[in-house]
Structure formats: C-alpha cells, structure tokens
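Trainee: The listed protein sequences correspond, in order, to chains D and R.
The opening position of the first sequence corresponds to residue 1 in the UniProt record's numbering, with each subsequent residue numbered one higher.
The opening position of the second sequence corresponds to residue 1 in the UniProt record's numbering, with each subsequent residue numbered one higher.
The reader is advised that the hints may include incorrect statements.
Think about it this way: if two alpha-carbon atoms lie no more than 30 Å apart in a straight line, the pair counts; the simulated DSS-like pairs of lysine-lysine are [stated by the list, open to error]: (1) R/Lys446 x R/Lys51; (2) R/Lys111 x R/Lys131; (3) D/Lys325 x D/Lys278; (4) R/Lys51 x R/Lys316; (5) R/Lys51 x R/Lys131; (6) R/Lys111 x D/Lys193; (7) D/Lys325 x D/Lys193; (8) R/Lys131 x D/Lys193; (9) R/Lys434 x R/Lys446; (10) R/Lys180 x R/Lys164; (11) R/Lys133 x R/Lys80; (12) R/Lys316 x R/Lys388; (13) D/Lys325 x R/Lys164; (14) D/Lys325 x R/Lys51; (15) D/Lys278 x R/Lys341.
None of these hints come from the bench; they were simulated from the model.
Computed from a prediction, not measured in an experiment: that's the story for all the values here.
The residues making up each chain are set out below.
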Amino acid sequence: MADTALKSTAMKSVGGLLARQGILVAFVVFMVGFALWNPRFIDIDNVFGVIRSSAILGVMALGVTFVVIGGNLDLSVGSMLSFSAIVVLDLHENPAFGPALAIPAMYAMTLALGALNGFLIGYLRLNSLIVTLGMLSAIHGLTLTYSGGQNMDIANQSETWFGVFGRGSALGIPVPVLIFAGLAALLGMILAKTPFGRKVYAVGGNGTAATFSGIPRARVVFATYLISAFCVATAGLIQASRTMGAQNTVGQGLELEVLAAVILGGASLLGGSGTIFKTVIGVLILGFIQNGLLLAGLEFYVQFVVTWIIIILAVWLDIATKRGKLWSPIA
Amino acid sequence: MTQHTPALRLEGIVKTFPGVRALDGVSFSVLPGEVHALMGENGAGKSTLMKVLGGIYQPDAGRIFIEERETVMRGPLEAKAEGVMFIHQELSLAEELSVAENVYLGELPRKRFGRVDWATLYARTDAILQKLKVRFDARTRVGELSIANQQMVEIARALTVNAKAVIFDEPTASLTDAEKVVLFDVIADLRAQGVGIVYISHRMEEIFRITDRISILRDGAYRGTLETAATDEDEITRMMIGRSLDLSRNAAAPDLGPVALRAEGLSCGHLFEDATFEVREGEVLGFYGLVGAGRTEIAETLFGLRTPTAGRILLKGDEISLGSPVEAIARGISLVPESRKEQGLVLGMNCRDNITLPQVDDLTAGPFVSDGAEISIYDQYRDRLAIKSPSWRTPVGNLSGGNQQKIVIGKWLSMRPEVLIVDEPTRGIDVGSKSEIHNLLRELAKQGYAVIVISSEMPEVLHVSDRIVAMYHGRIMREFTAAEVTEDGLIQAISGLTGDAA
C-alpha cells in the first residue's frame with residue numbers, strides 16, 4: 001500500500017513537472033534521443049549552426065509573442081520580411097541613401113506596415129486573422145511592385161560594411177545570434193517586468209476586464225503590432241545582410257513557422273499566456289527538429305509537413321490541458 | 001380543476017454547487033389546466049429548479065414525475081420528448097432562418113431523399129401562428145422581428161408538440177401592454193386545453209391576473225403554496241423575504257459628509273431616462289430594481305463606459321464628462337462590475353497582479369514594475385479584506401467566488417476612490433462571504449467613502465443602504481430613506497405599481 005502511495009506521489013510530481021515545464025522536458029528528451037541516435041547532432045558546430053540559422057525565425061517570433069499574448073495573430077510577418085529585405089537592399093544600392101540611411105528608412109517603412117495592422121485591429125476592431133492574412137498578400141504585392149519583380153543584389157559586396165549583421169561575428173559568436181539574444185533579453189524584460197508587459201497579458205487574458213480596469217486596449221494592441229514589425233525589420237536586416245541579396249519571396253511561409261515556434265513555446269492562441277523565454281525554447285526546438293530531419297537524410301521539403309504536425313500537436317496539447325481531456329468532440 | 005393527477009410533480013429536489021446549496025429539497029406540482037406561479041427573489045433557486053427540470057442540471061437528490069410517471073431528464077431534447085416545454089427569458093432563435101424553420105428546428109418535415117417538405121412546413125407553422133394571432137407569417141426571417149414577436153416564435157415552438165407542461169420564464173420582460181394581452185390569451189388557451197403552466201415572474205399585477213396558485217422559494221427552499229384568490233401582496237412578499245430585517249442600525253443618522261457625486265437628469269437613450277440622485281460621503285446609496293431596469297447602465301455611465309445622451313454628472317460640485325474608464329478612474333470613480341469573471345478579473349493572472357492592474361503604471365522603480373510595492377499593496381488588502389489565498393502567485397481563477405469578489409473590491413479600494421460603485425456585490429457567492437462583504441460596505445461608508453450599491457436582492461439592499469433608489473423600466477420610481485422603506489413599498493415601486501408615489 002505504502003508503495004502505491006509513494007508511486008502515486010511520484011507520478012503526481014512528474015505530472016506537475018510536465019504541466020509546468022512540459023516544453024523543456026520535451027526538449028531535453030528530444031535532444032538526448034536524437035543525440036543517442038546520431039552523435040553528430042550534438043556536435044558543437046552543428047549546435048551553433050542550428051542556433052545561427054534559427055536567429056531570423058527567432059527574432060520574428062519574439063515580436064509575434066507579444067501579439068499572441070495580446071490575444072491576436074500576425075500572419076503578415078513572412079511577407080513583411082520579404083518587403084524589408086528587398087527595401088533595404090534596394091536603398092543600399094541607391095546612391096542617395098547608402099547603407100547608413102537605407103537601414104533607418106527600411107525600419108520606418110516596415111513599422112508603418114505594422115502600424116497599419118495595429119490600427120485596423122486595435123482601433124477599427126477588425127479580426128486579426130483576416131487583417132493580417134490580407135496584409136500577407138497585400139505586402140507581397142507591394143514588394144513585387146516595389147522591385148518590379150526583380151531580385152535585389154548588392155553589386156560590390158566587398159566594399160560595404162552592410163554584411164556585418166548577417167555574416168559578422170564578435171568574440172567568436174555570430175552577430176545574428178548576438179542580435180537574437182540581445183533582443184530576447186530586452187523584450188523579455190519589457191514583457192515580464194514593465195507596466196506595458198503586464199497590460200499585454202491583461203488585454204489578452206481578459207480584454208473586457210482590462211477595459212474595466214482602465215487599460216487602453218486599443219493602444220496596447222497597436223503597440224504589440226509595432227513591436228512585431230520592429231522585430232520583422234530586424235530579421236529582414238539580418239536576412240539581407242547575410243545573403244547580400246534577396247528574392248521577392250524570401251520570407252514566404254515563415255509566418256507559419258514563427259507561429260509554430262510561439263505555440264510550441266507554450267503561448268496560448270487564446271491570449272494571456274506565454275513568455276519570451278518559452279518562445280526562445282520553441283524556436284530552438286523547431287530548429288533542432290528541422291536539423292534532425294536533415295541529418296536523418298530526409299528531404300528539406302518534409303519539414304513543411306512536420307511543421308504542420310508540430311502546430312497541431314502543440315495546439316491540441318494546449319487545449320487538452322485546459323479541458324483536462326484529450327478526446328473532446330464538438331457536442 | 002377536476003383532475004387530480006399533476007401534469008408535473010417535483011419531489012425533494014436537491015442541487016448543490018461548490019459552496020452553495022442552490023436547492024434544498026424543493027417539492028412542487030402543477031395540475032393540468034392550472035397556471036402556477038413560481039416566485040422568489042433573484043437567487044432563490046427558481047432558475048436552478050427550471051434547469052433541473054429541463055435536464056440542464058442533474059439533481060443531487062429528488063425525483064421528477066410527468067403525469068405521475070417518474071422521469072429522468074438527461075437533456076433538453078428529453079424534456080421536450082416528455083412534453084415539457086420552456087419559453088425562456090433569453091431567446092434562443094436562429095436569426096438568419098425563417099420563422100417556420102425555427103419553429104420546427106431539428107424536425108423539419110421531409111419528403112423523399114431527405115428533401116425538406118416546405119409546403120407542409122409553412123402550412124403547419126401558419127396554422128400555429130394563426131392561433132397566436134400574430135401579424136407575421138411562417139416565411140418571415142426571424143431577424144426582422146421585434147423581440148416580442150421573436151418570443152411569439154418561441155411560444156409557437158412550444159405548441160408544436162403535445163405539451164403537458166409549459167414553463168414561462170419572465171415572459172413579459174420585454175413586451176408592451178398590447179403584446180401582453182395576446183400572451184395572456186395564449187396562456188388561457190393552453191390552460192383550457194389542459195396543459196399545466198408554470199409562470200415565473202416578479203410582477204404582482206400579472207400574478208394576480210392570470211395565476212391559480214403561487215409557490216414560493218426562498219434561499220433554495222420551498223416555502224409553501226398559496227391560492228391566488230385567497231392571498232395578497234403582503235403575504236407573498238413576507239414569504240419571499242422571510243424575515244423582518246433589522247434596520248435600526250441605519251435609523252441613527254450616519255455622519256454624512258458633503259455630496260460626493262450627483263447626477264442630474266441623466267439619460268442614456270432608452271436604457272435609462274432622467275435619473276437624478278446624489279450620494280454623500282459616508283453614505284451607502286442602494287439601487288434596487290429588476291434585471292434590465294437600467295441600474296447597471298447607470299453605473300456604466302458613471303464609470304465612463306457609456307456616453308450619456310442628456311443630463312450632467314457632478315463630482316464634488318464640479319460638472320465632469322467621462323469619455324472612458326481611464327478618465328473616471330483618474331477622477332476617483334471606481335466600479336466593481338456586475339460580472340466578476342467576465343468584467344472584474346483576468347482569471348489566469350495571479351492575485352497580486354489583478355489587484356494592482358489599474359495602477360500598475362504608478363508602481364514602478366525605474367522602467368520596471370516594483371515587486372516590493374506590488375506585494376505590499378497585495379498584503380495590505382489581503383489582511384484588510386481577509387482574502388484567503390495560498391499566495392499572491394495563485395491565479396485568481398483558483399479562488400472561491402467570495403475571495404474572487406474580495407480581490408475585485410481590493411483592486412478598487414487600493415485606488416482610494418472618491419466614489420465606489422458596487423454592482424451586485426454578492427452574486428453567486430456563499431453566505432459567509434456575503435455577510436463579510438455587507439459588513440465591509442458598511443465599514444467603508446463609516447470611513448467616509450461614498451458608496452453606491454446595486455443589487456437585485458432585497459435583503460441585501462435593505463441591509464447595506466442608507467437610502468434606496470427604486471428603478472423600473474429605466475426610470476427612478478421612488479427614493480426611500482432607511483426609516484421609511486418597506487418591503488411592500490419597494491416591490492411595488494420596482495414593479496411599476498406606484499403611480500401615486502414620487
């Protein structure tokens with residue numbers, strides 16, 4: 001009897017750990033399992049390679065985390081990334097701008113797109129799924145109009161310092177990783193520690209109660225879309241700098257990967273929960289899964305299917321934990 | 001009433017929710033061809049009883065008999081199959097569909113290959129509508145109908161089956177006098193056909209006009225049945241309230257300060273019109289009336305959630321205009337809203353953060369929220385309000401209703417308001433917390449706060465208020481001081497019966 005009691009306590013604490021830190025536990029199990037199967041997986045170069053290649057997705061996911069905790073969606077980040085990369089490359093080549101002016105100009109234009117999202121969703125109270133899905137396609141059109149359908153390239157790659165954001169490194173750490181880490185620390189502090197961060201949780205957790213507490217909801221939602229656009233602009237800068245050139249479709253499909261990372265980290269699509277730290281874990285899990293699939297010799301394209309499976313699993317587990325049951329048909 | 005087999009009989013129904021015994025052994029029966037009123041204050045258990053009858057709640061104990069055959073109601077469809085029909089206060093119609101489709105929803109007549117037999121559907125529906133003497137036909141889209149006519153559609157739905165018992169839940173709440181006459185005719189027809197009718201209403205006038213017997217619930221318990229012809233309003237009221245309340249506490253004139261808030265001719269469309277009242281520092285002003293009388297809307301206007309269409313609001317003698325809750329809060333007006341879970345709290349957020357939410361901008365050290373400042377506010381109000389929570393980190397969703405309500409009250413007290421408005425202070429919370437909150441409201445007044453309490457529960461409003469404003473249909477019917485208020489007077493005022501009083 002005492003044995004079963006002991007066992008059930010142990011089970012409970014395991015269950016509790018899973019409920020609280022399920023995503024971390026899953027991460028560790030996944031890493032250990034894959035490493036046992038293929039030791040190359042945890043080779044230090046491979047690990048750094050994954051982190052570096054996750055940086056662009058990661059920076060975008062940081063911004064989308066604010067939007068999702070605020071109770072909304074941002075599906076426009078993929079095409080917004082294409083836009084910012086194309087714009088910054090084009091202005092870089094424009095003698096009137098050059099790199100020093102191209103970057104702030106690109107930030108301003110990308111933020112304007114974020115402001116439009118925020119205005120439509122925050123102040124006109126339109127549905128965020130519809131608005132950002134529409135923006136996904138509208139920005140794609142805008143990018144093509146801007147570029148005339150041409151890819152952008154930097155002609156004299158050896159003569160510009162522009163490559164530092166994507167190719168540079170400091171203290172042996174790639175700059176994209178430094179930017180990702182720095183931005184994660186900054187935005188993590190803002191979300192967890194400032195009055196603004198608290199309001200984002202309140203607005204996403206219960207918007208009506210937030211209104212009744214005197215929180216200007218529209219302004220908070222607007223701000224989350226500005227943060228999202230700022231992160232996309234930064235990701236676009238890294239992207240353009242790394243490749244010194246870009247296609248009009250460079251960000252295509254990234255919106256779903258970003259969303260997968262955010263949800264995988266444990267932010268609820270219903271709003272009001274999630275953290276920057278969890279999103280970073282989500283980004284890394286996604287990166288390592290995709291890397292693991294490649295190491296396993298699967299085609300690159302398989303990852304699109306896997307990303308979908310991950311989204312479904314993450315959403316299902318999130319909802320199932322809240323409902324307390326896995327099987328739950330519409331009644 | 002020659003038949004003596006009840007159409008419907010409930011026996012010893014018990015239903016408990018965590019912390020509340022909502023129904024405590026309720027028995028009651030309806031004879032065929034009888035209109036039986038079910039009365040009781042809000043919260044007395046009428047709705048819970050009807051939900052048990054409709055199979056929405058399963059009783060913890062007790063039995064249901066339809067024509068003396070014991071029946072277990074597992075859901076609304078089963079209730080319908082047993083011939084028990086409900087006309088709800090809140091309509092449940094599909095606005096985009098036609099009247100006929102709504103009336104026969106789920107059992108449309110079919111032709112071969114599952115095609116809908118529209119001709120039969122419209123013919124049958126029109127036949128029912130004719131009985132109801134309405135001026136729309138089976139093809140009308142429900143969304144185009146007035147609320148009253150939508151209610152007629154609900155009634156038509158009840159007439160499609162061979163109903164043994166029909167329950168009307170506050171059916172006249174949104175009807176005009178002319179529409180009421182039609183409704184009463186329909187009820188008379190049903191009764192003539194031998195259907196047992198349960199009629200839930202607060203309106204004495206209607207009760208005396210159409211019912212045969214009256215059963216009364218109080219605090220979840222059955223208090224007795226009266227023959228309508230042999231009783232009067234006084235007796236009913238006494239049974240509903242059940243105690244003579246000790247108002248002597250308020251008879252001693254409280255130390256009143258200057259007028260904190262005054263409304264003059266305040267209107268908001270048809271929600272409420274021409275409301276004039278004032279509340280002084282050190283005073284509790286009660287607002288009493290039926291749900292929908294406009295009390296909550298007045299509170300929301302004072303809190304900047306609604307824009308008045310006429311009249312003015314004066315705070316300490318200065319006229320103010322409130323465009324949003326942000327402005328109301330800045331001026332020292334706080335609202336503990338009607339619905340704790342929807343409007344009062346972020347359930348997933350912890351206790352401390354919920355309390356400090358409206359002032360989080362002011363609790364900073366540098367750019368960050370100061371943990372220490374927040375915890376000290378939490379500790380202060382936890383102690384003052386005796387909030388029982390394992391820790392400040394506990395999500396408020398895990399607390400009991402009473403403790404949740406204390407969190408909302410703490411949130412607004414910590415803002416040190418000039419005027420504290422509390423809408424339904426004890427809805428859905430246990431008896432112990434209830435009296436704690438009542439004492440707290442009295443205590444706050446004693447400390448000099450101007451307090452406005454809105455309540456649908458008469459004992460509550462009598463217990464905590466120094467003065468009571470009675471509302472009916474968006475208008476203030478009468479104002480009572482604690483010394484002059486009587487339960488009868490209040491009930492009459494909120495039922496619109498006081499033509500002479502003012």
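Trainee: All the hints need checking, so say for each whether the structure fits it.
Mentor: Against the structure, the hints come out as follows:
no.	hint	result
1	R/Lys446 x R/Lys51	violated (41 Å)
2	R/Lys111 x R/Lys131	holds (26 Å)
3	D/Lys325 x D/Lys278	holds (24 Å)
4	R/Lys51 x R/Lys316	violated (47 Å)
5	R/Lys51 x R/Lys131	holds (28 Å)
6	R/Lys111 x D/Lys193	violated (66 Å)
7	D/Lys325 x D/Lys193	violated (34 Å)
8	R/Lys131 x D/Lys193	violated (66 Å)
9	R/Lys434 x R/Lys446	holds (19 Å)
10	R/Lys180 x R/Lys164	holds (23 Å)
11	R/Lys133 x R/Lys80	holds (24 Å)
12	R/Lys316 x R/Lys388	violated (36 Å)
13	D/Lys325 x R/Lys164	violated (39 Å)
14	D/Lys325 x R/Lys51	holds (26 Å)
15	D/Lys278 x R/Lys341	holds (27 Å)
Comparing the model with each numbered hint stated earlier shows that hints 1, 4, 6, 7, 8, 12, 13 do not hold.
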